[in-house]
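Sequence lines, in order, name chains A and B. For the first sequence, position 254 matches number 254 in the numbering used here, and the numbering has no gaps at all. For the second sequence, position 158 matches number 517 in the numbering used here, and the numbering has no gaps at all.
Calculated directly from the structure, the hints in this document are not laboratory data. Please note: incorrect hints may appear among the correct ones.
[Stated by the list, open to error] Keeping only pairs whose Cα atoms sit at most 20 Å apart, straight-line, the calculated SDA-like set for lysine to any residue is:
hint, chain 1, residue 1, chain 2, residue 2
1, A, LYS95, A, THR3
2, A, LYS344, B, LYS622
3, A, LYS239, A, LEU120
4, B, LYS622, B, HIS575
5, B, LYS365, A, ASP328
6, A, LYS348, B, GLY371
7, B, LYS365, A, VAL323
8, B, LYS365, A, LYS95
9, B, LYS703, A, GLY12
10, B, LYS598, B, ILE579
Each chain, written out:
Protein chains: 2
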Amino acid sequence: MKTLDKPVPPGGVIGIIGGGQLGRMLALAAARLGLKTCIYNDENHAPAFQVTPMQIAAPYDDRAMLQGFAEICDVITYEFENLPADSLSYLADLKPLQPGVAALEILQDRYTEKSFVESLGLRVAPFAQVNSDTQARAAFEKIGGPGIIKTRRFGYDGKGQAKVATVDAAATAMTAFKGAPCILEGFVDFAFEASVVAARSADGSFAAYDPPENIHENHILRRSIVPGRLTRAQNDEAKAIAKAIADRLNYVGVLAVELFVLKDGSLLVNEIAPRVHNSGHWTIEACACSQFEQHVRAIAGWPLGDPTRHADAVMENIIGAEVNAWEDLARGGALHLYGKKDAKLGRKMGHVTRLRLKS
Amino acid sequence: MKTLDKPVPPGGVIGIIGGGQLGRMLALAAARLGLKTCIYNDENHAPAFQVTPMQIAAPYDDRAMLQGFAEICDVITYEFENLPADSLSYLADLKPLQPGVAALEILQDRYTEKSFVESLGLRVAPFAQVNSDTQARAAFEKIGGPGIIKTRRFGYDGKGQAKVATVDAAATAMTAFKGAPCILEGFVDFAFEASVVAARSADGSFAAYDPPENIHENHILRRSIVPGRLTRAQNDEAKAIAKAIADRLNYVGVLAVELFVLKDGSLLVNEIAPRVHNSGHWTIEACACSQFEQHVRAIAGWPLGDPTRHADAVMENIIGAEVNAWEDLARGGALHLYGKKDAKLGRKMGHVTRLRLKS
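Extracted from the complex, chain A is given alone in its bound form:
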């Protein structure tokens, strides 16, 4: 496993696996710092391919291409966590990979992730491992009520999930997931959702952004509002949760912790994303150093930037055909479009951040 023994200097190359909007915004942030980026993506068309001449289109398990990619790069990162573990281990032996494989192995799997969070003394929704319809029935009884069956791996934006209201539904869902290892998660009666985006460096320094309140629609983030309904104490607790998680994982880079804020005011960890996060896009305008620049700084061994928020912000996603109103959207707020060709249903096409300045 390679480690970074000195900062990547200006002119160095950041390798980014995944060429979606997160990779694109990471590349734009790296460019500000005079760093080059090489994007590795498994399809020929990718939003991030539009913002750098260094790009590789190949499957995520193509060893020869991964090797060529590693040769070009000074440090390697990724924009999404659902990558083949083998490929990541292979890359990590060739060049420094940040965040590291050990952290990713825990967070790629909902069961090990939740067990890890519990081991830190943090609260999560009730959950149980489920590998068969029989286990699903037992888990349903154990959790004691309706919940959600989720595949342990490769879920995002509500994919790989099924709400189950009865024991029979739980068993049926397992059949639909074709025996993929799952968990059953009990429903949480929360007041609202929130998240905290934070960065940790190899030297242990830590910087957290103010946690926004998040509004979801159809399992997709609609809007992040900062400050939201979190109290000052909840704000601090959220940051402390992120720090506890990042420290224990010996994490390097930006991570996001999605939270449920319960009606009694307590915070539950929903899930952890080992990457920059949609609910942190507002940091581009409202902070001196955005989550994207912060991630680049952390993985490249640079000093972390200042996460202080200098304005209140509302970030709203532009989903599917909403992007057709781009000319109107350009009139209000800071518009970001991701360069995607087809405005498919549910696809994130861009976002708008509106600042409410402190006057």
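Use these hints to put chain B onto chain A, whose structure you have.
For chain B alone, coordinates are given in the frame of chain A:
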């Protein structure tokens, strides 16, 4: 001459002639809006080549390459004004070129530029056309004191300029410039320098940024400070000057007007740059819409963005070997590095903007 009959939609291609830091920051701003960029540069290595896969390295008068470039682009702009007029006319017949050739023809030549500014009733330093050593002597007598001989074309950062304190020195300078058409400009005893960066759209809408005070060292911009020492009235007057110039030129895009602020409080126009400008870099952090995004919006037919300044700012250039302190520079303020390989003496390698937030 082609004109833009509808806005360039997301996914469209902005052609940028010149691949320096201004082209690079224009490309990064275009990417935010979901627009692609194609960079045309006359050398193989260019800062802007690092931030887009669409790039052409060819001489600025290579008709075949210019034609290929025009075919790719929906609208064409440039990052510097010293381009062959023939090439620009050629491109303007193929695709919309913004700012247009008519404006550029006036501003490429210091003599027509100053005559134009005077024709608007605006003040400039005393100046006279000089084409020979004999004319230089006569001009020196007319202006009545020491001044600067400047070539009418292709000057920047103090290049193509000679201070002349005596009649004989004026004549000698003309010999040094090998008969290139020049002007003699009288010295102005100013209190300080300032500039105003503004944008105009094809529909006549106009947006000006607050004018910073500028500090030069060795003919190179060292620092822009906003607000500087300009009074509220001077702030407004500077914007009005930019508007008068942009309107009369029927200008489309961002322009910068460099100003002398005299001891009696009056403003003199020093020169006009038909492009984004070093003294506008602070707008990236301190305004909702930066000068780079504003230029892209204007030339692409999009609505102009909000130029309101939400923070006080100091922008400082990183010149030559100063860039070696990049790790320290990364600790304070928003760091921008341009991806240039050799830190030559006097070369602009990056800049840092420090905000003083309104609290």
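Going back to the hint list, which numbers does this structure go against? Going through the list in order, the structure violates hints 2, 8 and 10 and respects the others.
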